[in-house]
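Chains as they are written, first to last, in this note's numbering: chain A, 1 to 295; chain B, 1 to 296.
Calculated directly from the structure, the hints in this document are not laboratory data. It should be emphasised that the depicted structure is a prediction, and the values quoted were computed from it without experimental measurement. Do not take every clue at face value.
[Unchecked claim] Far from chain A, some chain B residues (derived; all Cβ distances over 12 Å):
(1) Leu82
(2) Ala83
(3) Ser158
(4) Gln205
(5) Ala219
[As the list claims (entries may be wrong)] Going by beta-carbon spacing under 7 Å, a handful of chain A positions derived as facing chain B:
(6) Val80
(7) Pro84
(8) Val88
[Said to hold, decoys possible] Derived Cβ-Cβ restraints for the label pairs, each shown as a range:
(9) A:Ala53 to B:His89: 41 to 47 Å
(10) B:Trp122 to A:Leu26: 17 to 23 Å
(11) A:Leu155 to B:Pro58: 40 to 46 Å
Cβ atoms here follow ideal geometry from the backbone N, Cα and C, with glycine treated the same way.
Next come the chains, spelled out residue by residue.
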Amino acid sequence: MLARRQWLFAIVALLPVLAIFAWVRLYPIEETLRMSLYQWDLISRHQPFIGLANFRELFGDKLFQTSLFNTTVIAFGTLVITVPVGMVVAGLVHYRMGARLAGFFETATFIPYVVPLVPAAMAWTWVFDARLGPLNAFLSIFGISPLSWLFDPVLSVVCVIVLCAWQAIGYAVLIYIVGYRSLPVAVFEAAKLDGASRLQTFWYVTVPLLRPITLYVSVVTLISGFNVYAQAYVLASDAQGAPGRQVRVLVLDMLENAFRNYRVGYAASEAVILLLIVLLLTLVQFSLLRERGAK
Amino acid sequence: MTLAPAETGTQEVVLGAARPAPRRFSLLNLAIDVVLVLFCVVMLLPLVFLVSNAFKTPHEMLAWPPTIIPKQPIVSNFTSVLADTPLLHWIGNSLAFAALSTVCIVVTSAVAGYVFAKFKFWSLQVIFMLFLATAIIPFEIYMIPLYFQARELHILNSIWGLLLGYLVMGFGIFLIRQNVSQSIPDELLDAARIDGASEAAIFLQVVVPLLRGALAALAVLAFFQAWTAFTWPIIVATNQNNYTAEVGLALFQTSFTVDVGRLSAASTIVLVPSIVIFTFLRKNFVRGSTTSGLKE
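Can you build the whole structure from these sequences, using the hints too?
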């Protein structure tokens, strides 16, 4: 009787949430998968099933290849900066926990992660500006001639990576601090008794113990890196001022195919590729974690 | 008498042995503080310059090295941006969208998190696994079909269209589920049941008050998530009247001005409140993002 009453409450309470969830999550996810197999050009009523033809076309699509390449470079570039910097800075902040400046350190490192991206990107646009920007002026002190950061095909990708890493570091520090707090103290005492130096302890004890955190941070950074859009949109306008055209990323290419070229099915197949990347990264994370647990 | 010097002697030895340690430590601490302060300054410098540029005359903008505190601060960048563009209207849109989204996410997460934590029916656990599995799928992957759903409902270019993408939050449900299982014992709920309380009353009068802290943390997360949203608003709001602050600012360069002073002023107006709010709510924010994030 009691169980029955509880069951009734659970269902009645959960039903609206479930309905919303099915409507704004499950259904569109299913639609993405389904549409990727159809040729749906927004203008025509006819939507034929075309199997994997969208995907076959994607692999010959120069714009898609550029986008995939840029996005991959951005995701891994961001990762390479974010993880070491995040780990070291969080370690230092953790070490100074309780100090007078501790609150400032935390706030200052998290701010880039929480501020709205567009105004922050505006700040960086100015930093990188070829004519007015402080970066070129700073480099000129060392005799480096001005570079057009935002319009050079390679440098503009670097700029997007810097902006992404600047934001991602805040999150990495946040998570690493939690990681440091949960490390067992006894291990460090043992290391100290064995005469290990601080650097040795960090490298041989802390870094391996933080491995699950590092894995998590890496996967999250990579996934958000693969979804990069706003950063490129604001930072990388091309010479004509078209937003995001200088550094073409996957999400931009997808939105263009859907809303500019009216090829919704084709855009959905790009989304599926993105989904496969995300799933692959998550699988790698879980299997690496499990491998460690087995040992 | 004879003992006294010996005593002070040992004391000195003890102190002498102990003294170098704190000094070496404080030197190390100082070095770490210096490194961290430098790092924080570098992280914040772009934002500091942004705010400072907003107060600069076009002439001072060209100065090298760039001044942090403008020599002749002006407010004309702000006044002209506010007079010539609907920036405040966009901020209003963003606030309304973020507030509504926060309410929806807090309510749905509280209910679902509680049910998933305390009602151990296998069917519910299966549903929970489904939530868990879809929560890792980024928004960008299903936003195009969602756009067409919004179009069918005729809510494009409206706050309801924006809201459609931000009604539920997978991580919010985990956060609350986690909190309920950790902080609310079954005995408490059973005691209330024995006292004759209905399930709804237990939820509203026992569970929700105990979850205040977690719900506050979630509310902060949800608010910032909507407040900083970009991709969904830019495809849903295509009419200038319905832009959010983020979209409006991003399109500033193409539709209004490329003047750095004005762009900086507009960005500052959006940025500074976010930073102030965050500084006050940091503890909540940290609590929310660490628990929800790590429980993936």
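The hints, checked one at a time:
Separation of B:Leu82 from chain A is adequate, the least Cβ-Cβ distance of about 15 Å exceeding the 12 Å criterion. The claim that B:Ala83 is not at the interface with chain A holds, since no C-beta of that chain comes within 12 Å of its own (minimum 19 Å). At roughly 16 Å, the least C-beta separation between B:Ser158 and chain A is larger than 12 Å, which holds for a residue marked as non-interface. The beta carbon of B:Gln205 is kept farther than 12 Å from every beta carbon of chain A, the shortest such distance being approximately 14 Å.
For B:Ala219, the condition that its CB be more than 12 Å from all CB atoms of chain A holds, with the nearest at approximately 14 Å. Because the smallest distance between the Cβ of A:Val80 and any Cβ of chain B comes to about 18 Å, over 7 Å, the interface hint for this residue is violated. The beta carbon of A:Pro84 comes no nearer than 13 Å to any beta carbon in chain B, farther than 7 Å, and the hint placing it at the interface is violated. Taken as an interface hint, A:Val88 does not check out: its beta carbon lies about 9 Å from the nearest beta carbon of chain B, beyond 7 Å.
The supplied range of 41 to 47 Å is met by A:Ala53 and B:His89, whose beta-carbon atoms lie about 45 Å from each other. With their beta carbons about 20 Å apart, B:Trp122 and A:Leu26 fall inside the hinted range of 17 to 23 Å. Between A:Leu155 and B:Pro58, the C-beta spacing of about 26 Å breaks the proposed range 40 to 46 Å.
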